[in-house]
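A.B. asks: Note that the protein sequences, when read in sequence, are chains A and B.
Residue numbers for the first sequence follow the working numbering, so the first one is 1 and each next one is one higher.
Residue numbers for the second sequence follow the working numbering, so the first one is 1 and each next one is one higher.
Everything hinted at is true.
The list that follows gives simulated cross-link-like pairs (lysine to any residue, SDA-like), each with its CA atoms no further than 25 Å apart:
no.	chain 1	residue 1	chain 2	residue 2
1	A	K8	A	R99
2	A	K133	B	V125
3	A	K133	B	R159
4	A	K50	A	T17
5	A	K113	B	G165
6	B	K5	B	G307
7	A	K8	A	R75
8	A	K18	B	R138
9	A	K133	B	T259
10	B	K193	A	R75
11	A	K8	B	T259
12	A	K113	B	H162
13	B	K26	B	F115
14	A	K113	B	T259
15	A	K18	B	T259
16	A	K8	B	V130
17	A	K50	B	Q265
18	A	K8	B	R138
19	B	K167	A	A76
20	A	K39	B	F264
21	B	K167	A	M114
22	A	K25	A	R136
23	B	K5	B	Q238
24	A	K113	B	S168
25	A	K139	B	M161
26	B	K5	B	G280
27	B	K167	A	E111
28	A	K133	B	R260
29	A	K50	B	P253
30	A	K50	B	P135
31	B	K167	A	R75
32	B	K199	A	Q74
33	A	K39	B	P135
34	A	K113	B	G312
35	B	K239	B	L184
36	B	K239	B	Q364
It is worth saying that the hints were derived from the structure and are not from the lab.
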Amino acid sequence: MSEQSYAKPLPLMRGSTKEFYDHCKNGELRFQRCTDCGKWRHVPREMCAKCGSWNWEWARSSGRGEVFTWTVVQRAMHPAFPGDVPYAPAIIQMQEGVRLVSWVADCPPEELKMGMPVEVIFERVTDEVTLPKFKRAAKR
Amino acid sequence: MGSFKNQACIVGIGQTKYSRGPGTGKTDLSLQLEASIAALDDAGLQRSDIDGVLPFVCLGIAEEFAVHLGIEDLRYQSTSHLGGAAPGASLANAAMAVTAGLADTILIPGGWYGFSGRRVREVVVADTTVMSGGPTARDFYFPFGLTAPPQWFSFIARRHMHEYGTKSEQLGAIAVAQRKHAQLNPHALTRGKELTLEKYLSSAVISDPYRLFDCSLEADGAAAFIVTTAERARDLKQKPIYVMSVTQGQPYPADDLVTRDDVFQLGLTSAAPRAFAMAGVTHDDIDFAQIYDPFTFQVLQQIEELGFCKRGEGGAFVEGGRIELGGKLPVNTHGGLLSEAHVLGMNHFVEAVRQLRGEAGERQVQDAEIGLVTGFGDFGDGSIAILRR
Ligand SMILES: [Zn+2]
Numbered sequence: 001m002s003e004q005s006y007a008k009p010l011p012l013m014r015g016s017t018k019e020f021y022d023h024c025k026n027g028e029l030r031f032q033r034c035t036d037c038g039k040w041r042h043v044p045r046e047m048c049a050k051c052g053s054w055n056w057e058w059a060r061s062s063g064r065g066e067v068f069t070w071t072v073v074q075r076a077m078h079p080a081f082p083g084d085v086p087y088a089p090a091i092i093q094m095q096e097g098v099r100l101v102s103w104v105a106d107c108p109p110e111e112l113k114m115g116m117p118v119e120v121i122f123e124r125v126t127d128e129v130t131l132p133k134f135k136r137a138a139k140r
Numbered sequence: 001m002g003s004f005k006n007q008a009c010i011v012g013i014g015q016t017k018y019s020r021g022p023g024t025g026k027t028d029l030s031l032q033l034e035a036s037i038a039a040l041d042d043a044g045l046q047r048s049d050i051d052g053v054l055p056f057v058c059l060g061i062a063e064e065f066a067v068h069l070g071i072e073d074l075r076y077q078s079t080s081h082l083g084g085a086a087p088g089a090s091l092a093n094a095a096m097a098v099t100a101g102l103a104d105t106i107l108i109p110g111g112w113y114g115f116s117g118r119r120v121r122e123v124v125v126a127d128t129t130v131m132s133g134g135p136t137a138r139d140f141y142f143p144f145g146l147t148a149p150p151q152w153f154s155f156i157a158r159r160h161m162h163e164y165g166t167k168s169e170q171l172g173a174i175a176v177a178q179r180k181h182a183q184l185n186p187h188a189l190t191r192g193k194e195l196t197l198e199k200y201l202s203s204a205v206i207s208d209p210y211r212l213f214d215c216s217l218e219a220d221g222a223a224a225f226i227v228t229t230a231e232r233a234r235d236l237k238q239k240p241i242y243v244m245s246v247t248q249g250q251p252y253p254a255d256d257l258v259t260r261d262d263v264f265q266l267g268l269t270s271a272a273p274r275a276f277a278m279a280g281v282t283h284d285d286i287d288f289a290q291i292y293d294p295f296t297f298q299v300l301q302q303i304e305e306l307g308f309c310k311r312g313e314g315g316a317f318v319e320g321g322r323i324e325l326g327g328k329l330p331v332n333t334h335g336g337l338l339s340e341a342h343v344l345g346m347n348h349f350v351e352a353v354r355q356l357r358g359e360a361g362e363r364q365v366q367d368a369e370i371g372l373v374t375g376f377g378d379f380g381d382g383s384i385a386i387l388r389r
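With these hints in hand, go ahead and build the complete structure from the sequences.
C.D. replies: So this is what it looks like as structure tokens:
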């Protein structure tokens, strides 16, 4: 899809937000992890709120998680989404402990279940931005 | 803590007509000035008596209020950034300022063309400064179509349903109770439009589990109130309403709804115990609660976090008329944002003052002596005021 025709909101690509999405563009889901105490975190932050360290790395996620909760949007509240309804933004609880908002792209809303295992996939939406999305995974 | 307890009072309230129509072409400021003048009249004060203004975030600046009201010596101004929790947070600022002598008489206005003008769903996407989680939402929620309050709050409701068995019928009980109250309120936009549980359950799904009647009523309207010291209040026109306590709080992290260890934590979770302690009252002392109600579930959740019942018991609590007039804890006796009008929770203060003055007409809570008012901002910021007559 070309940049011109993509009307949905995009992240502001700067700083560590850009780095997060750049990893997605490379096909890798990475979250910040404190290199002193090992705590994973998302959304990106400047320092570790647990131990106070400024040291961190972009650690590779297993890409696996489970559905923590979701909503099913029947009436879009943004002009770029009416064509998608019903769609279901979901909170994914990753194995590493962090949570993020995404979609289970291959799952109709009515088939979503609490705790459903999912794994990351990537959807390139513009030349610059690739979004991390999810698909159903086998129970492990 | 508690140096302003019973030392600051609300001495005037004002409002415009609330409406859902084509609009008037006037500005948000104009609407708020109209409510402010009404509050001055109610208090028996002159425009020049005001020496402090605490405007609502993104809806006006103190300088504009001062220049229009002819306040040549504006001694104090400040704006809370807690969104829907701002009216309470501003009351705290006002109480501190008047008791510390920084100002004598403070105006707290709030209002908007929230129906005919820009809708919240447009504002939150266009301006990341309107809520504490703005940048987080822009970078990590909006790209996934999670763009508006009914969407992000409904998934917390779903999780509560999963963990505690909370039912749609219980959310419906809140909508129905508040709609009943609105039938007794001449200012309410839904007066004459009764709601049954059956009608609630058959209403259109907006963002599941939220239906149409789980959502507040976007409206054009403004309200204002005026705060001064208890000493000064004695000489004024109205029976003063005393601020027993007012506190605020934020969940952690405040700017991200999804990563909290405890997803049900609100600002109120910590603010409410502080407010009850400062006021020196217990839950049994509370005669009514005006609870900021962007959506039904946020009422249920705040009842739990306020400590009126344990977490998970809110669904049972709101059933059986307990939150209706005549029940143990009448909630949103004016109809609230759901059934009076979404006036940013400013209308909750107006109603609390009317109840404590005994001026609530058909919907008067008998012998109302102590009431509480909450505020709730995205993503769960909280404020709570405990007021007495
Ligand atoms: Zn650390």
